[in-house]
Amino acid sequence: MIKAILIFNNHGKPRLIRFYQYFAEDMQQQIIRETFHLVSKRDDNVCNFLEGGSLIGGSDYKLIYRHYATLYFVFCVDSSESELGILDLIQVFVETLDKCFENVCELDLIFHMDKVHYILQEVVMGGMVLETNMNEIVAQVDVQNRMEKSEGGLSAAPARAVSAVKNMNLPEIPRNINIGDINIKVPSLSPF
Amino acid sequence: MALKKVKGSIDRIFDKNLQDLVRGIRNHKDDEVKAKYISTCIDEIKQELKQENISVKANAVCKLTYLQMLGYDISWAAFNIVEVMSSSKFTYKRMGYLAASQSFHDGTDVIMLTTNQIRKDLNSPNQYDTGVALTGLSCFVTPDLSRDLANDIMTLMSHTKPYIRKKAVLIMYKVFLKYPESLRPAFPRLKEKLDDPDPGVQSAAVNVICELARRNPKNYLSLAPLFFKLMTSSTNNWVLIKIIKLFGALTPLEPRLGKKLIEPLTNLIHSTSAMSLLYECVNTVIAVLISLSTGMPNHSASIQLCVQKLRILIEDSDQNLKYLGLLAMSKILKTHPKSVQSHKDLILQCLDDKDESIRLRALDLLYGMVSKKNLMEIVKKLMLHVDKAEGTTYRDELLTKIIDICSQSNYQYITNFEWYISILVELTRLEGTRHGHLIASQMLDVAVRVKAIRGFAVSQMALLLDSAPLLSGNMQRKGICEVLYAAAWICGEFSEYLEDPVQTLEAMLRPKVSTLPGHIQAVYVQNAAKLFAAVLRNGQQGSQEGAAVQETIQLLTDQLPIFVQSADLEVQERASCFLQLVKYIQKLQQKDVDVGEEVTALFAGELNPVAPKAQKKVPVPEGLDLDAWINDPPSEPESEDEKSKSAFAKEEPQQPRQRHREVDEKELARRREERKQEQANNPFYIKGSTPAPKGYQDTMGVEHIPVVQIDLSVPLKVPGMATSDKYVKIEEERRKRDRAEKGKKKEKKKKREKRSRGDRRNESGPESEEDIRPAQTVDIVTEEMPENALPSDDEDRDPNDPYRALDIDLDKPLAESETLPVRKHRAPDPVKSPAEDGEKPEAPQELKKKSKKEKREKEKKEEKKSKEEKKKKKHRHEAEEDPAGEKEKAPPPAPEMEAVQSPSKSKQEVPPASAPAEDLDFWLSNEPVPSKSQEAVVATSKSTTEEPADPGQGSDIEDAKSSKHKKKKQKKEKEEKEKKKKKQHRVPNQEEEESVQNGTVEEEEDPLPPMSNYCLLAENTYIKMVCDVQGNLQDSSRVVVSVIFENKSSSFLKSMEFNVLDSLNAKLQRPEGAGPHDSLSVPFQLPPGVSNEARFVFSVQSIVMPQKLKGTLTFIVKSDDGSSHEKLDFKLHFTCTSYLTTTPCYSDAYAKLLESADMKGSSARLQGVGLPFQHLLAKICFHHHFSVVEKINSCASLYSRSIQGHHICLLVKYTDQTVTIDAKCDESSLLGNLLDEIKLTFSQS
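Protein sequence lines, in the order shown, are assigned to chains A and B. Residues 23 to 214 (the numbering used here) are what the first sequence spells out, left to right. Residues 102 to 1346 (the numbering used here) are what the second sequence spells out, left to right.
Quick caveat, the hints were computed from the structure, so don't treat them as lab data. Treat each hint with caution, since some may be false.
[Said to hold, decoys possible] Okay, the calculated bits of chain A under chain B, using three or more residues with CB under 8 angstroms as the criterion:
1. 88-96
2. 112-125
3. 135-148
4. 165-173
[To be verified] Straight-line alpha carbon distances no greater than 20 angstroms define the calculated DMTMM-like cross-link-like pairs of lysine to aspartate or glutamate that follow:
5. B:Lys482 <-> B:Glu527
6. B:Lys432 <-> A:Glu73
7. A:Lys35 <-> B:Glu133
8. B:Lys455 <-> A:Glu73
9. A:Lys137 <-> B:Asp121
10. B:Lys190 <-> A:Glu170
11. A:Lys63 <-> B:Glu457
12. B:Lys1155 <-> B:Asp1179
13. A:Lys63 <-> B:Glu491
14. B:Lys137 <-> A:Asp48
15. B:Lys262 <-> A:Glu158
16. B:Lys435 <-> B:Asp454
17. A:Lys63 <-> B:Asp453
18. B:Lys455 <-> A:Asp66
19. B:Lys1261 <-> B:Asp1179
20. B:Lys190 <-> A:Glu173
21. B:Lys432 <-> A:Asp82
22. A:Lys63 <-> B:Asp454
23. B:Lys1280 <-> B:Asp1337
24. A:Lys63 <-> B:Glu498
25. B:Lys502 <-> A:Asp48
26. A:Lys171 <-> B:Asp230
27. A:Lys35 <-> B:Asp131
28. B:Lys130 <-> A:Glu173
29. A:Lys35 <-> B:Asp132
30. A:Lys35 <-> B:Asp1179
31. B:Lys688 <-> B:Asp733
32. B:Lys135 <-> A:Glu73
33. B:Lys137 <-> A:Asp65
34. B:Lys455 <-> A:Asp65
35. A:Lys63 <-> B:Asp497
36. B:Lys190 <-> A:Glu128
37. B:Lys435 <-> A:Asp82
[Unchecked claim] What follows is a list of derived Cβ distance ranges for each label pair:
38. B:Asp1259 <-> A:Met156: 15 to 25 angstroms
39. A:Lys171 <-> B:Trp177: 26 to 36 angstroms
40. A:Lys171 <-> B:Lys130: 26 to 36 angstroms
C-beta atoms are modelled at their ideal positions from N, C-alpha and C, and glycine is treated no differently.
In isolation and in its complexed conformation, chain A is listed as follows (with noise of 0.2 angstroms):
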């Protein structure tokens, strides 16, 4: 079982956190502080599993990671989990990521977190892994997207428009956006 799903940035901000398991408000706030503390004060070239979270699960339970460009990702699973399968599974999730924003980066996670968390809901039900196949996960994304559309129809486009002149009045937008190699690069692992 899956226990907790964190994505954080380098500066432990939160930019997803999927509990599987009721933890109040404040208390989840402080595994992600207690996370980020474990995870990133460890090397890119040591290995990706971690014991000792102590506010979240126990002896059984184990922080597996990934580190993309500026976001970590945190799987926090129990012993029923194959340790190289998460690691697989979260290639897979970053992946399916990339395709379904076009070279994700960690703004795209910013401002789309809901849309992450539809996405992730097609690869993690309840703590348990749904779907691997990110073929069917993308495909399963894009008919709910459409579907979504074809519902905006007229009453979502003046929303829409508004938006983008709210966009346009803004100077600060091409300053927060130009932060650098900020795109995840997606390393090409062996096939799983």
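Since the structure of chain A is already known, use the hints to place chain B on it.
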């Protein structure tokens, strides 16, 4: 109004959406400003939520979800979230469910309101509505939701879209967790999904079952064959990994499973390219090897393979593989340390790795790799690492590992305790370790338990007490000062070994000591007293010492007041006590009274360690109620907690009762506090063990504890603190010396007796483990246990374990009551919920079919086996059949099934409850490896009860038995019900018919002694029934049963009704229009003493098996006194013989038949047949419907044909009262059964 609405929505266009919110938060960099900004945003959101427009609400909820991620509590908006969830638009619905899944939990009360909405979504025609609902539900499902929606979700498991099916399957796990009652009704369908055509659904089903099985593996053992099949056929690595992990959990319960697994797993290890799969295979092979390690032939090849593969992983440059390799290696280490030890180099190398996780794993491994020979070397290496280590956590880890390694299994590997003490002393120099108490407890433990080392330990501890750095403030905070606690205690307790007690005493009374934590000071004071006693004792010896005594007294009276003023109660109390004692002694000394003896007596006696659980195992004396109040219960409930916390259960009853009566509660609390404090400070509380208090020693039995007095081989005098390095060299030299001595001895021996060849091996080559003689003869005092200790108590499972509720036997058939709750308040929509009535009984049936299918497959396999095995198995089947054939033991699984299936068809219808267990046995006994153990396996499966040693199997049988038992009951109840029904339905009276006939025996060829095929069917005081079953060649599926009813009583019998419980295979032919349960009325009545025959036609399908049908005859007994209703149960036996018809055959046709390839052979042997051959043949022909084709001397060939056209040829030979029958038939099981029947015929006569 409408205008207002439009205006409102136009206003809302300029509401912030999620992107605006995020942007705004990002623009407010400063934390305070940001918090303010967010709080204004929340206010806006609250406004938006008040709007009627659902899109506005959805937008607000979306923003809330984001804020939830930032740590804001959004539970106040739960109701609005529900509103958004119930929107008809997918976009909003999805948003609502997302927010709900992020924020709802068991305590959210609005969840109650969602049940119907979720049900509606689950049953929505749009698969994505359903999908979104399922996903959301998986995160916030509650017990109530589970109960209410379980049935709907179960229906979705058979949805046409695989997308929904896989989600429904996965969510079932959550439902099971919250509502365990749903597991049994839903499990058959879940199992079905293992065969789903869609790989995603299959994978989900495997996922769920593995998750279930991991928690309660024993209930899922019967699925092993199914998973085995999946494992060998699946190519999906995810599924494979899950299954292989599952097998890892199952093998400890069933070692035979492990043996079966080894081969395919080894193949996978060799063939797979996926590292994850390889790794899991290796892991499971290790689990198998562990489960087999007791008493099985060693699988050294497999171990070697695993270790070799793991080495490759560890050597890999990928840190992840390295880590996992080490992890798996540590599992092998537990059972096969030898094979891991050869890779010591590699593991030591990993200690230098830059990755801390890897270093920690390597440390774990080291634990199991030490031996007497290499311990010092390894610890030396670790000490180097301790010095180099940067982070304190890693260093602390190293420290605990060093101590673990050295102290493991009672200091098994330590040959030189001086070395160990010096290591411990060296460790005290570590700055900032948290583990001072650990070192301290080791020091105490070693000093107490290794008598020979006490002298050395005391000298080292005295130095520790003397050395200043440990007292310095910096150290104290970090807890290393704990070692002073041990040092003080050791010096005091073993003061007789102390060189200069006065000096140590001085060190212990330094003013700086008062900065130490209270419990350490208390020990200081107490042990200063002990030292003082030692000084007094020495003082008796001469005048010079006398002066020393005076000085000491002076020192004490000067220094002790510091401690008397201590804020710590314990210190204060001890110090003032001690001070008064000193003053008293001073007075006595001035009077020249010698008090040395008396003071020493205060601290006399020796402490021995007590086993960790000793206290727990003291049986509660009779008549003592530990839960009863000793004093009147105080009003505060907290005192109860106090009571349970007390480590000394014994102490409670010992408390003097009267004295405490009047004590007020405050006082009580204070004392409790004190006592707790005292327990904490008591030096006898070593490492969780509970040594007896001193007083205990005088009471009983301590003298009987075998404590061997051992002297040091070399008296030691250590000038300064020892360094451990020195010992490494010393030890090496010592070993060399030992070896040399040994060599010399041997040479001498050789000279004396020249034939000592056997010893030769020992001379050359490296020294073996046993050769290393410990420097001190280690006297590890065994731990004490109370005299009448209770047997070890097993730890129970945590009662709060949520998975415990899922410990449910899944092999038991479903009872009628076990269905998922279906909503009842409204008439169910027929389209949407088809599962209600039709599906439930169907599920177990499908399960059954599957098991039958498996059986058939197995039968095929069976045929391939050698003859001998075949025989064995046949035996086994007979054993299985017997109980099945008996009346009560083979009832159908559920009452609903009764109509379709009757218990009489024996082999294929083994009672389903026992079937899984037996299936498993059968499957497991199909061992590919012919070995001794296999015979054992076959034997055990034959008579399963004979093997209590095998826990897994044992419990299976237990289960099967108990379920059988239950079913028996169910069955009986059912029967009674049916009887009642019949009575009600009975036609009151029938026309009396005068068709009385006398019993006529069938006109068969009856050449020799009179023979009859009629056998007794049933009998009671009123009536006797005999019957004959005959096939009919004209109709391949009909059998005629002729029953002769004989009235034995003096009453008139009428209204006889004959009924048989049909099976799938055989059915009573009833007149058209009659139901399948209706009985047939016998077309006559019986006056007293009269008998008559009636014929009943049965239709049968398969004739290769004998079978029994259960039936009942009901009738009315009419006598002068009145009439009574009676019934008679019987069992109608359809033997294979009864399906044969006597058919003549010509010899040439017979010869052709024998040559044909379809015919399978079998033979039987009858011994001790006393009949003449002629009669024998006649008997076979008559009873078994054969005809003689040819007869030559004492040899004859016979032929018969079944109603379905099977040819049966027999060759009967008769020599010396032994009859051999060689038989051929185109249906082997028919033939086997037939031969058994023939044997039976002759064994009866």
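Tell me, in ascending order, the numbers of any earlier hints that this structure violates. The structure breaks hints 1, 2, 16, 19, 25, 28, 30, 31, 32, 33, 36 and 38; every other hint is satisfied.
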